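Asks: Position chain E relative to chain X; hints supplied.
Top line first, the protein sequences correspond to chains X and E. Going by the working numbering, the first sequence opens with residue 453, and the numbers climb by one from there. Going by the working numbering, the second sequence opens with residue 142, and the numbers climb by one from there.
Among the clues, some could well be false.
[What the hints assert, rightly or not] Among the chain X residues that face chain E by a calculated CB cut under 10 angstroms, a handful are:
| hint | residue |
| --- | --- |
| 1 | Ser477 |
| 2 | Lys497 |
| 3 | Gly554 |
[Unchecked claim] DMTMM-like, lysine to aspartate or glutamate: derived pairs with alpha carbons at most 25 angstroms apart:
| hint | chain 1 | residue 1 | chain 2 | residue 2 |
| --- | --- | --- | --- | --- |
| 4 | E | Lys248 | X | Glu500 |
| 5 | X | Lys497 | E | Asp235 |
| 6 | E | Lys248 | X | Asp526 |
| 7 | E | Lys209 | E | Glu226 |
| 8 | X | Lys497 | X | Asp543 |
| 9 | E | Lys158 | E | Asp235 |
| 10 | E | Lys248 | E | Asp193 |
| 11 | X | Lys497 | E | Asp203 |
To be clear, the hints were calculated from the coordinates, so they are not data collected in a lab. Here the structure is a predicted model, which is why all the values come from computation and not from measurement. The beta carbon of each residue, even a glycine, is placed where N, CA and C say it ideally should be.
Read off the chains here:
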Amino acid sequence: QVQLQESGPGLVKPSQTLSLTCTVSGGSITTGGYYWSWIRQPPGKGLEWIGHIYHNDDAFSNPSLETRVTILMDRSKNNFSLRLYTVTAADTAVYFCSRVSGGPYSGRFDPWGQGTLVTVSS
Amino acid sequence: QSVLTQPPSVSGAPGQKVTISCTGSTSNIGADYDFHWYQQLPGTAPRLLIYDNNNRPSGVPDRFSGSKSGTSATLAITGLRAEDEADYYCQSHDGTFRVVIFGGGTKLTVL
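So that you can see chain X by itself, here it is in the shape it has in the complex:
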């Protein structure tokens, strides 16, 4: 059974870079047919897709964030990472990682990591 776990700093200063890692267990991120994704949820608000990466390194990002987002894969550690540049308070959110089955835009998210709260504040 695949499980995902987010890790990274819980506090980031404005204008700096948010960096998170999602470690996958119970399955390989190099298995074809799955995208590995990041989603966020500001406190008290809904879900927003950030982007995902495929096993061949093809990456897909939300157009609203794509100029500030990098998603990378580390096959040796079986994890993938998110970098969000030049953050502001509006980037404060719980960040989730997930596995996507199906197409890059119409696929379903399952399973999910437990999420990690990142606060942007000086």
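Replies: For chain E alone, coordinates are given in the frame of chain X:
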């Protein structure tokens, strides 16, 4: 403001049936892209509830079902139980912007 519109809240008594709508457009649900539903209990990560319009993952009770009509999707919950109290989100694909989209979420209260 989400491209997929859900009612902010719905409620029902134990044992009753409730439905949650997810209204889209011809560029998403109406374009025959698959849609999915998630349940998020307080303080937890979302959980896949319905996938590919009307399929349930293993472990999801058959009290939950999905359907579609035109540009709208609907989640139905029958035999409402206290543990169903949660936020529910729909998700699809918007072909105009090539983006994964979520509805704004609906809070279900079991009276």
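Asks: For each hint, tell me whether it holds in the structure or not.
Replies: Comparing the hints with the structure gives:
1. Ser477: Hint violated; Ser477 (chain X) Cβ to chain E Cβ min 16 angstroms, cut 10 angstroms.
2. Lys497: Because about 8 angstroms separates Lys497 (chain X) from the closest Cβ in chain E, which is inside the 10 angstroms limit, the hint holds.
3. Gly554: holds (7 angstroms)
4. E:Lys248 with X:Glu500: holds (17 angstroms)
5. X:Lys497 with E:Asp235: holds (20 angstroms)
6. E:Lys248 with X:Asp526: Status violated; Cα separation ~37 angstroms.
7. E:Lys209 with E:Glu226: holds (23 angstroms)
8. X:Lys497 with X:Asp543: holds (12 angstroms)
9. E:Lys158 with E:Asp235: Violated: Lys158 (chain E) and Asp235 (chain E) sit about 30 angstroms apart, past 25 angstroms.
10. E:Lys248 with E:Asp193: holds (22 angstroms)
11. X:Lys497 with E:Asp203: violated (28 angstroms)
Violated hints, listed in ascending order, are 1, 6, 9, 11; each of the other numbered hints is respected by the structure.
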